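Enquirer: Listed below, chain by chain, are the residues.
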Amino acid sequence: MKKFQMKHSTPISVKILVVFACSYLSVHYAAGQLKYPQPYLQNNNEGLLYDVSFQYKSHYISGLLAIKKEIQGYHFVLITKTGPTIMDFIITDKGIDWDKKIEALDRPIFLKAMEKDFRTIVLSSLDKPKKIKRLRSNLYKVRKVIRHKVATDHLERVLSAKSKGLINPFKIFATYLYKGEDNIPDQILVRHRLIKSKLDLKLIKQ
Amino acid sequence: MTFSQNHESYTSLENVDQLKEGITKMAEQTNTIKTSFKQEKHISILTKAVSSEGDMVFKKPNSLKWTYSKPYKYKIIFKKEEIIINDEGKVSKFDLSSSKSFIEINEIIVNSVSGNILQENQFSIDYFQNGNYYLAKMIPKVEQLRSYIETIEIYFNKNDFTVASIKLIEKEKDYTIINFFDNKLNEEISDEAFNAN
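Which chain is which? The protein sequence lines are S and H, in order. Taking our numbering, the leading residue of the first sequence gets 336, the next gets one more, and so forth. Taking our numbering, the leading residue of the second sequence gets 888, the next gets one more, and so forth.
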């Protein structure tokens, strides 16, 4: 009897292997096929409108930001509250295609930071499921286009996104707030580690 | 029916001098304007227009205040050489000379509501009319302004030559329409009315 038990018990190494395999499969099942955070503009055909304000030190500007996902990429139109369009651009996989921009802001370092902020706002990094890795329940690591660590709620809606980089002064901390059960954020806050700035977007329901 | 939907019913205006004289006379006789407005911004990427509304006050020579009450609280005051903005209680000031485009847009608005807009040295203007309105379609001659605004359409009430509506077309599907109503001319407006609070 004793011999029989010994013969048919599973070695510890096999058990570990099975646990790892199950873990591996569950991660890929979650990230690749069924449950993983989706960009909230994925199935939105009407476009979204946000009341947006930007605070940098003592400077403060505000306007309205329209966002829509199109075939080429994420289309942003920033208008003043009095009407005129001040910025109109599409963020693609390769960069920004400009239609209208403010000359005063036309500096490479600013435009690069702005691109990262706007990619974070729309969570474009979630467009590529293969680049999403589940770390644990409701926590994901995204590798493209921006390296993000993304936390979600029980509905897999993104609650926060934090860019990677220990010595990155532009490190982004973004939070997404929801009032209802839908996946459209009612408020988005974007901050940076060493820069005293705050980008605050509040959804306008029309 | 909006003015743009009514566009087909406009015909070319033959007697342009009559319109110009009416506007000049109205501008000369008007020292203050109080009016309410509804604004619609159309953007190609949004299926619905961005709608807002509020009140506007103007006092000669160049004090202008827009107060947006819905869907956001926002005030913008053009006074002498500066712009003051009160955005949900946050007040900021800008020097008008720092932004050429702001100066030009401000001038358009001030000239529109004061009836002094038909400046043919700055715009190529075509004139139209229907039963209720005169329409001036203005294309900026200055390159810098044209880079912001393709065409401006000003609709004047035929009965008193006040501005009924302004349409700022930035490009084909990107435009703003501001409709004015409840116009009150020459009511007393104190200088305090142009404060940011």
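Quick caveat, the hints were computed from the structure, so don't treat them as lab data. Note that the structure is predicted; figures quoted are calculated from it, not measured. Glycine included, every Cβ here is placed at the ideal spot set by N, Cα and C. Any given hint might turn out to be false.
Below, in silico cross-link-like pairs of lysine to aspartate or glutamate (DMTMM-like), each with a Cα-Cα straight-line distance of 25 Å or less [said to hold, decoys possible]:
#1 S:537 - H:1037
#2 S:435 - H:1030
#3 H:935 - S:535
#4 S:540 - H:942
#5 S:533 - H:975
#6 S:531 - S:438
#7 S:447 - S:462
#8 H:1060 - H:1074
#9 S:435 - H:1037
#10 S:447 - S:516
Derived coverage of chain S by chain H (criterion: at least 3 residues anywhere in the stretch with Cβ under 8 Å from a Cβ of chain H; other residues may be distant) [unchecked claim]:
#11 417 to 423
#12 461 to 471
#13 528 to 535
Enquirer: Flag every earlier hint the structure violates by its number, smallest first.
Expert: Hints 1, 8, 10, 12, 13 not satisfied by this model.
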